[in-house]
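Engineer: The chain contents come next:
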Amino acid sequence: MSNRSSLPPMDATVGEAQQWLADGHCTSRQLIDGYLEFLQGVGRELNAVVEIFVESAQQAADQSDQRRAQGQCFGPLDGIPFTVKMNITTQLGSSDASSPMLRGFQAKEDATAVRRLRAAGAVLVGKTSCDEFAMGASNETSCHGVVSNPWDRERVPGGSSGGSAALAGSHGWSFHLGSDTGGSIRQPAAFCNATAIKPTWGQVSRRGLIAFGSSLDQICPIARDAVDCQSVLQVMEGHDPLDSTSLRQGTSSHPPIGRVALISDGLGPGIDASIATAVRSAAQQMASQGIEIIERSLPHLEAANACYQVISTAEASSNLARYDGVHVGVRGQSKDLQQLYETSRHQGFGSEVRRRILLGTFVLSAGYQDAYYNRALAVRDLIRQGIDQVLEDCDALLLPVSPFAPFPIGERIDDPLALYACDILTVTANLAGVPALALPCALDEEQLPIGMQLMGPHGSDHALLEFGQRWQRWNDQHRALPEGSTR
Amino acid sequence: MSWKTVVGLEIHAQMSTRSKMFCACVRSTGTAPNQHLCPVCTGWPGALPVINQAAVRRAIRAAISLGCGVQRESRFDRKNYFYPDLPKGYQISQFYRPYALGGEIPFERDDGSSGVLPLVRIHMEEDAGKSVHAEDGTSRIDLNRCSSPLLEIVTEPLQMSGVEAARCVRSTRELLRWIGVCDGDMEKGNLRADVNVSIHRQGDTVLGTRTELKNLNSFVSIERSVEVESARQALVLEAGGVIRQETRLWDQDLEQTEEMRGKEDSPDYRYFPDPDLPVLIIESSDIDRERDSLPESHLARKTRYIDQLKIDARDAESILARREFGDFFDQLVAAGLSPASASNWFRGEVLKHLNDREESIEDYPLTAASIAEVVEAVEGDRISVAKGREILQVALDQGCSPAQILAQTGEQVSDEAALIGWVQQVVDANPDAAEKIRAGDSKPLGFLTGQVMKASSGQAHPRLVQQILQRLIQHD
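Quick note, the sequences are listed as chains L and V, same order. Per numbering that gives the first Met the number 0: the first sequence = residues 0 to 486. Per numbering that gives the first Met the number 0: the second sequence = residues 0 to 475.
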């Protein structure tokens with residue numbers, strides 16, 4: 000139906016696609032149809048998208064076109080396609096957190112973030128796969144199957160927001176909502192050459208985000224560039240009466256970033272040399288643009304992952320207790336109550352989720368709570384202080400996102416510790432509650448994407464995104480699309 | 000050597016807010032099952048709790064009234080356990096940092112002296128739902144009550160009798176009702192208590208091992224369970240046995256306690272701070288605001304009634320059985336009645352109506368002003384007392400205003416000539432009765448008065464009628 004020649008270039012950002020619509024080169028309906036075609040083709044091939052909403056998307060696009068024709072366009076996201084990760088609730092389709100436990104689960108309402116985006120005219124086109132309950136770093140624990148990395152389909156896209164990143168990494172025009180508990184938006188963004196921000200904890204309402212580790216979870220945008228991430232964040236953020244931990248807006252303003260600390264611990268042993276080199280040379284490129292670069296060590300970085308494992312699993316063990324076979328979720332066959340719990344939870348949860356529930360239950364148990372959970376809380380305080388300390392001396396920290404490149408499907412899935420190692424550089428931001436922006440940095444010798452991240456103080460989300468925009472004017476790695484995805 | 004009984008209480012009081020503790024659902028008791036539910040109180044994925052500030056305000060009032068120290072910062076924690084009527088798999092409570100510490104419950108000792116039961120703490124929490132177990136072996140879940148706001152008042156252990164323990168709970172109930180925090184309806188479970196009981200020999204410095212009796216929802220069960228359980232413990236100890244720390248169930252019908260679970264079987268609740276709720280900050284200005292809006296205390300009001308309004312102490316007690324009663328009484332006085340007649344009409348009529356109609360004073364249809372109007376007509380001799388009572392009753396029965404009936408009622412007749420006419424008519428028609436009275440039997444006087452009232456369609460002034468009757472008969 001759509002007229003190909005009138006559509007924007009495939010790598011066009013949301014901002015560029017919006018301009019394209021404004022200039023009258025195509026309608027939102029044509030853009031949406033074009034994007035639906037991509038989802039049904041490449042999106043399905045990558046196994047990134049689970050559900051596609053053709054009719055409702057077309058309707059929403061038509062309405063957007065009417066508004067535009069009347070000069071009443073809602074703004075930068077009006078008529079733009081977006082997808083939502085399976086662990087974020089939407090009225091359309093299902094919200095199963097990629098778990099057999101919630102197969103077919105229909106939420107009663109849109110998550111606050113989704114509601115605000117749709118009210119701004121953005122068009123919900125589908126739901127994306129993720130690791131089960133967002134627990135994973137490779138998108139291999141999804142009940143919807145393994146998702147491929149568009150840069151090398153034999154490799155993982157990262158996780159848990161693997162579906163979102165695979166789409167963001169292979170096509171423009173759109174943005175995607177994922178979530179980040181320990182790196183779940185940044186690591187897949189790095190693996191797929193996309194841009195994403197994990198906002199300050201509380202910046203975006205968590206209402207509608209199916210909880211994993213509540214004190215760490217945030218809903219996050221992932222897109223082609225920092226401009227798009229900022230447009231999306233601006234719509235989603237701000238206090239929500241339905242989430243009492245969501246922040247009031249305008250609490251702090253941060254100056255533009257002029258001084259960046261390169262975190263030396265993120266460039267040493269255990270980090271791929273090509274990644275360390277790429278991030279160092281990014282720092283040099285920033286320096287050549289007048290950014291002052293200093294080198295610092297981040298205290299307690301080595302303890303962060305253990306601390307994260309304890310806190311996130313503890314909270315998860317409690318958050319997932321509601322899936323008991325009585326109320327929401329799968330109900331197993333049983334003769335009595337104990338068996339109902341056992342069969343329902345055994346059938347409903349995959350092995351990684353079960354492992355984390357067991358770990359979390361253990362670290363909260365009487366006799367062990369002091370040694371694990373309470374100690375992790377103390378370490379968390381030290382990590383917060385450590386970040387604050389380094390930030391006294393600079394505006395942002397620079398470090399790689401992942402210690403290694405996207406790995407082959409199946410390589411780490413049977414080795415939990417190897418999989419948990421994906422998170423060593425990302426969990427710090429979640430533990431401290433600070434924002435962290437993941438930016439494409441370079442391709443390695445195997446033509447696989449390398450990502451870097453900038454962490455700033457609480458509430459500096461927009462300062463980070465504005466810096467990201469400057470970086471993307473100096474360096475166009477974020478524009479690169481994998482060869483295979485061109486039509 | 001005699002045994003001494005030591006009791007500690009955990010009183011659970013449902014706060015009478017409009018909505019639940021963490022969502023906007025209506026807090027309800029007694030409606031059809033599962034009518035007041037939302038994603039938050041049923042723990043749907045993605046839903047988050049939001050603190051009901053009206054519950055916090057009530058909690059502050061309770062803490063002030065019980066003399067607790069209200070904490071500026073408190074937190075909510077998750078108490079994790081699986082049960083079908085607990086849809087999130089955890090209960091939100093305040094374990095590590097409750098909002099109120101210290102305080103005391105005043106109560107009357109068995110010897111009439113006044114005692115105080117010290118408090119450890121009060122914390123806020125949400126209630127669970129209800130499991131209804133049917134005879135056919137199936138169970139049903141009603142989540143209406145789920146996430147209703149509760150206060151848990153935890154006392155220190157204190158040497159006392161079962162009667163005194165029940166008095167402590169009664170005293171707490173009256174206080175919470177008085178300040179509008181809890182309706183105190185124990186039948187509905189809106190106020191219930193867990194009781195910890197231990198015994199030791201007189202002179203022992205160390206308390207005995209305690210057992211806990213759960214979910215007692217009447218004063219009788221509190222009183223009797225303490226007595227029965229302490230007697231059981233004494234029997235065990237005297238036989239050389241030991242008391243195990245355990246939770247026991249009270250069987251009201253058999254009047255005995257039975258083991259439910261031992262300490263080693265008690266669940267590990269894995270408490271940890273709820274990351275979905277921010278630290279609760281209660282500023283001193285919040286406390287001041289609640290203190291300023293608290294009603295005059297029961298004691299201050301009773302003293303005022305007795306000293307200033309010259310109300311009899313027993314009458315004052317029954318007028319102040321509930322704060323709303325006292326408020327209604329005050330309205331009668333404000334409407335112009337003397338305290339004495341306000342007291343008489345309130346206790347004699349209003350309380351009787353409420354009792355007959357099984358109605359709460361909040362639902363009582365007559366206003367104080369309309370009652371006062373009728374009483375004024377009585378006191379102005381325009382109608383009789385009986386007529387006044389009748390007007391109130393008819394107004395209630397017919398759902399109209401007493402003023403309307405009053406307007407249709409003929410004025411009381413005090414005109415002597417008219418009264419003599421009616422009396423003469425009645426005496427003539429009942430010569431036997433008149434004869435008896437002349438013979439010194441005053442019994443038929445009431446009958447004849449009634450006949451006169453009838454003949455006058457209730458308009459004759461009854462006191463004057465009696466005077467005229469006696470005069471006429473004696474002088475006949």
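Hints are computed from structural coordinates only; laboratory data are not their basis. Wrong hints could be hidden among the right ones.
Distance condition first, Cα-Cα at most 30 angstroms in a straight line; then the derived DSSO-like pairs of lysine-lysine [what the hints assert, rightly or not]:
1) K334/L to K442/V
2) K107/L to K78/V
3) K213/V to K187/V
Now the stretches of chain L that chain V is said to cover, found in silico as 3 or more residues with beta-carbon under 8 angstroms [as the list claims (entries may be wrong)]:
4) 100-107
5) 205-218
Quick reminder that beta carbons are idealized off the backbone N, C-alpha and C, glycines included.
Engineer: Next step is simple, just say for each hint if it's right about the structure.
Structural biologist: A quick look at each hint next to the structure:
no., hint, verdict
1, K334/L to K442/V, "violated (78 angstroms)"
2, K107/L to K78/V, "holds (27 angstroms)"
3, K213/V to K187/V, "holds (16 angstroms)"
4, 100-107, "holds (count 4)"
5, 205-218, "holds (count 9)"
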